[in-house]
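Dock chain B against the given chain A, drawing on the hints supplied.
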Amino acid sequence: MTENFLSLLFIVVLMLVAVPPITYLERKVLGHMQQRPGPMVVGPHGILQPIADAVKLIFKEDVVPKGADKFLFIIAPSFSVFAALLAASVVPIGFINAVPMKSGLLFVMAMSAISIYALFLAGYSSNDKYSFLAGMRAAAQVLGFELPMGFALMAVVILFGSFDFNEIIKWQQQHGWGILYQPIAFLIFLVMMIAEINRPPFDLPEGESELVGGFHTEYSGMRFAAFFFGEYINIIVLSLVITALFFGGWSGPFAEKFPILGVIYHLLKASFFIFLAFWLRATFPRYRFDQMLSIMWKVFLPLSILNLLIAAGEALLVG
Amino acid sequence: MELLKKVAFLDLLKGMKVTLKTMLKPTVTVHYPFEKVEPRKRFRGIHALKLNPDGSYRCEACYLCAEMCPSNVIDMEMTEGKDGKKELVDFTVDLTRCLFCGLCVEACPRDAIVMTDIYEFSKYSPDKLILHKEDLLELGRYYQRKEREK
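In the order they appear, the protein sequences are chains A and B.
Residue numbering for the first sequence is 94 to 412, as defined by this note's numbering.
Residue numbering for the second sequence is 200 to 349, as defined by this note's numbering.
For reference, chain A alone in the conformation it holds in the complex (with noise of 0.2 angstroms):
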């Protein structure tokens, strides 16, 4: 029972703590992919500006604007934080488990789904017609990628025969890393993480260059600071789930005899996943609106579909 408080402590205060480095190395990587240094001026190499970020969004002025849903507008930014770390509590990272379940997987795709309603509820509840068409915009992605990502992870789930993350990197211990049988549904489950996680290409809800700031246009201060927390959080929760599915999990050289080699394993494998959305970021253009529905809804979902016969057979095969 501690072991799984501390767990949960151990957890949540990673996710936390991991946020504001993870936005600066994010436009570390994104500068220098662009021939710039990003943040230089603010301590040794801009190490301090996440500091500067927090120490500016914390004394920014809250403001609610005129004609919002005050309720739903306030609640919108916690929904997205709480979601994450919902979803975050029962990812084991190595031996550290907080909360073991038997169908994790199943409880982290709903929670992650679910943290997609604060960005509906940031965009109905803002009275801004930006963030109207962001929430909108939200919602048929949402309606886009939950299907191919469901089928992709069903098809995985007959292949590994458990929703438990635990089964689920045994079964890949004895017979090798999943994405060696599941090519396909790795590649379907990268392109819905991005999408899910709205980060470029797919980042259609908060596409500056159409919609202002999108679903956050009207959000200041720590409440703005919420959104991204949500955000970034979420990103490392899909990392080390997609390196839980396809990538062995904290498997590797002797992590049986010690244990703590592999939290590492497991904590950088995923690191490359959030390196990838860093790189993805900087090298593609936002996707037009009809573009991402018809790949979502005439490619993915087909695909995913097919792939489920794929893997039934696997089954019957490896078993």
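Because the hints were derived from the structure by calculation, they are not lab data.
Among the hints, erroneous ones may be present.
[Claimed, not checked] Where chain B lies over chain A, by a calculated footprint (3+ residues, C-beta under 8 angstroms):
1) 125–138
2) 371–383
[To be verified] Below, a list of computed lysine-lysine pairs in the DSS-like style, where the Cα atoms sit at most 27 angstroms apart:
3) B:Lys349 - B:Lys240
4) A:Lys121 - A:Lys153
5) B:Lys345 - A:Lys391
6) B:Lys240 - B:Lys281
7) A:Lys121 - B:Lys235
8) A:Lys121 - B:Lys327
9) A:Lys163 - A:Lys222
10) A:Lys391 - B:Lys213
11) B:Lys224 - A:Lys121
12) B:Lys345 - B:Lys327
13) A:Lys159 - A:Lys222
14) B:Lys224 - B:Lys240
15) B:Lys235 - B:Lys349
16) B:Lys204 - B:Lys220
17) A:Lys121 - B:Lys220
18) B:Lys285 - B:Lys332
19) B:Lys204 - A:Lys391
20) B:Lys284 - B:Lys332
21) B:Lys216 - A:Lys121
22) B:Lys204 - B:Lys216
23) B:Lys205 - B:Lys220
[As the list claims (entries may be wrong)] Some chain B residues close to chain A (C-beta under 7 angstroms, calculated; not the full set):
24) Leu212
25) Gly214
26) Met215
27) Thr218
28) Thr221
29) Thr226
30) Thr228
Don't be surprised by glycine CBs; every beta carbon is placed ideally from N, CA and C.
This is chain B only, laid out in the frame that chain A set:
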């Protein structure tokens, strides 16, 4: 073949290769307040008034520069000196209006008004941006010192 390329995300991977390569290249940023780019040789910064070697004004208050100026920047005052010549009393340059075209410099028959390479002249109040004769002569000394260095 085309389909195979699409399925393997080849063109997307090509783009990602470009960004990854760029990430490893050195940056090209000039860190402005700490590092500055030397202005070009013919850069047109704020104005200055040159002096003759004997310390008298080069400007003879002919008003040609004021006449040429498209945005009415230059204004001057003059009196009749002891020997009956025009003498400059004040020379004002209103930098709030100036567009740094350099027509005044080209118009000047005595090479009195010139443009320095100074581009950082923001002030806390707009009336500090109206330069008078003393400021311009100070800038002129700076300009001539630079000229001599060359």
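So, going through the hints one by one against the coordinates:
A count of 7 residues in the segment 125–138 of chain A with a Cβ less than 8 angstroms from any Cβ of chain B is obtained; the coverage claim is therefore met, three being the minimum. Check result for the segment 371–383 of chain A against chain B: holds, 5 residues qualifying (beta carbon to beta carbon below 8 angstroms, three or more required). Proximity of lysine 349 of chain B to lysine 240 of chain B is assessed by CA-CA distance (about 11 angstroms); at most 27 angstroms being required, the pair is judged to hold. Pair hint lysine 121 of chain A plus lysine 153 of chain A holds up; C-alpha atoms about 25 angstroms apart against a cutoff of 27 angstroms.
With a CA separation close to 69 angstroms, the supplied pair lysine 345 of chain B and lysine 391 of chain A exceeds the 27 angstroms bound. At most 27 angstroms may separate the alpha-carbon atoms for a hinted pair to count; lysine 240 of chain B and lysine 281 of chain B exceed this at roughly 40 angstroms. The hinted pair formed by lysine 121 of chain A and lysine 235 of chain B meets the criterion: a straight-line CA distance of about 23 angstroms does not exceed 27 angstroms. Distance restraint check for lysine 121 of chain A and lysine 327 of chain B: the Cα-Cα separation of roughly 40 angstroms exceeds the 27 angstroms cut-off, and the hinted pair is therefore not satisfied.
Straight-line distance between C-alpha atoms of lysine 163 of chain A and lysine 222 of chain A comes to about 17 angstroms, which keeps the hinted pair within the 27 angstroms bound. As the CA atoms of lysine 391 of chain A and lysine 213 of chain B are separated by approximately 24 angstroms, the hinted pair is consistent with the 27 angstroms bound. Among the hinted pairs, lysine 224 of chain B with lysine 121 of chain A is consistent with the structure: their alpha-carbon atoms are about 13 angstroms apart, no more than 27 angstroms. Distance check on the hinted pair: lysine 345 of chain B and lysine 327 of chain B sit about 24 angstroms apart at the alpha-carbon level, within 27 angstroms; holds.
With a CA separation close to 13 angstroms, the supplied pair lysine 159 of chain A and lysine 222 of chain A stays within the 27 angstroms bound. Distance check on the hinted pair: lysine 224 of chain B and lysine 240 of chain B sit about 30 angstroms apart at the alpha-carbon level, beyond 27 angstroms; violated. Only pairs whose Cα atoms come within 27 angstroms are accepted, and lysine 235 of chain B paired with lysine 349 of chain B is accepted, the gap being roughly 20 angstroms. Restraint check for lysine 204 of chain B and lysine 220 of chain B: satisfied, since their Cα atoms lie roughly 22 angstroms apart, inside the 27 angstroms limit.
As the CA atoms of lysine 121 of chain A and lysine 220 of chain B are separated by approximately 15 angstroms, the hinted pair is consistent with the 27 angstroms bound. With a CA separation close to 16 angstroms, the supplied pair lysine 285 of chain B and lysine 332 of chain B stays within the 27 angstroms bound. Pair hint lysine 204 of chain B plus lysine 391 of chain A holds up; C-alpha atoms about 18 angstroms apart against a cutoff of 27 angstroms. A distance of roughly 19 angstroms separates the Cα atoms of lysine 284 of chain B and lysine 332 of chain B; the hinted pair therefore holds under the 27 angstroms criterion.
Taking the CA atoms of lysine 216 of chain B and lysine 121 of chain A, the gap is about 18 angstroms. The hint holds against a cut of 27 angstroms. With a C-alpha separation of about 16 angstroms, the suggested pairing of lysine 204 of chain B with lysine 216 of chain B holds against the 27 angstroms cut-off. Taking the CA atoms of lysine 205 of chain B and lysine 220 of chain B, the gap is near 23 angstroms; set against the 27 angstroms cutoff, the hint holds. Checking leucine 212 of chain B against chain A by beta carbon gives a least distance of about 10 angstroms; that is not within 7 angstroms, so the hint is violated.
For the restraint placing glycine 214 of chain B at the interface with chain A, the shortest Cβ-Cβ distance is roughly 5 angstroms, inside the 7 angstroms limit, so the hint holds. With a least beta-carbon distance of about 5 angstroms to chain A, the hint placing methionine 215 of chain B at the interface is held under the 7 angstroms criterion. A hinted interface residue such as threonine 218 of chain B counts as satisfied when its beta carbon comes closer than 7 angstroms to some beta carbon of chain A; here the least separation is about 5 angstroms, so the hint holds. Taking 7 angstroms as the C-beta contact cut-off toward chain A, the hint placing threonine 221 of chain B at the interface holds, the least distance being around 5 angstroms.
Look at threonine 226 of chain B: its Cβ gets to within about 5 angstroms of chain A, closer than 7 angstroms, so that hint holds up. Interface restraint check: threonine 228 of chain B against chain A, minimum CB-CB distance 5 angstroms, threshold 7 angstroms, status holds.
Checked against the numbered hints above, the structure breaks hints 5, 6, 8, 14 and 24 and satisfies the rest.
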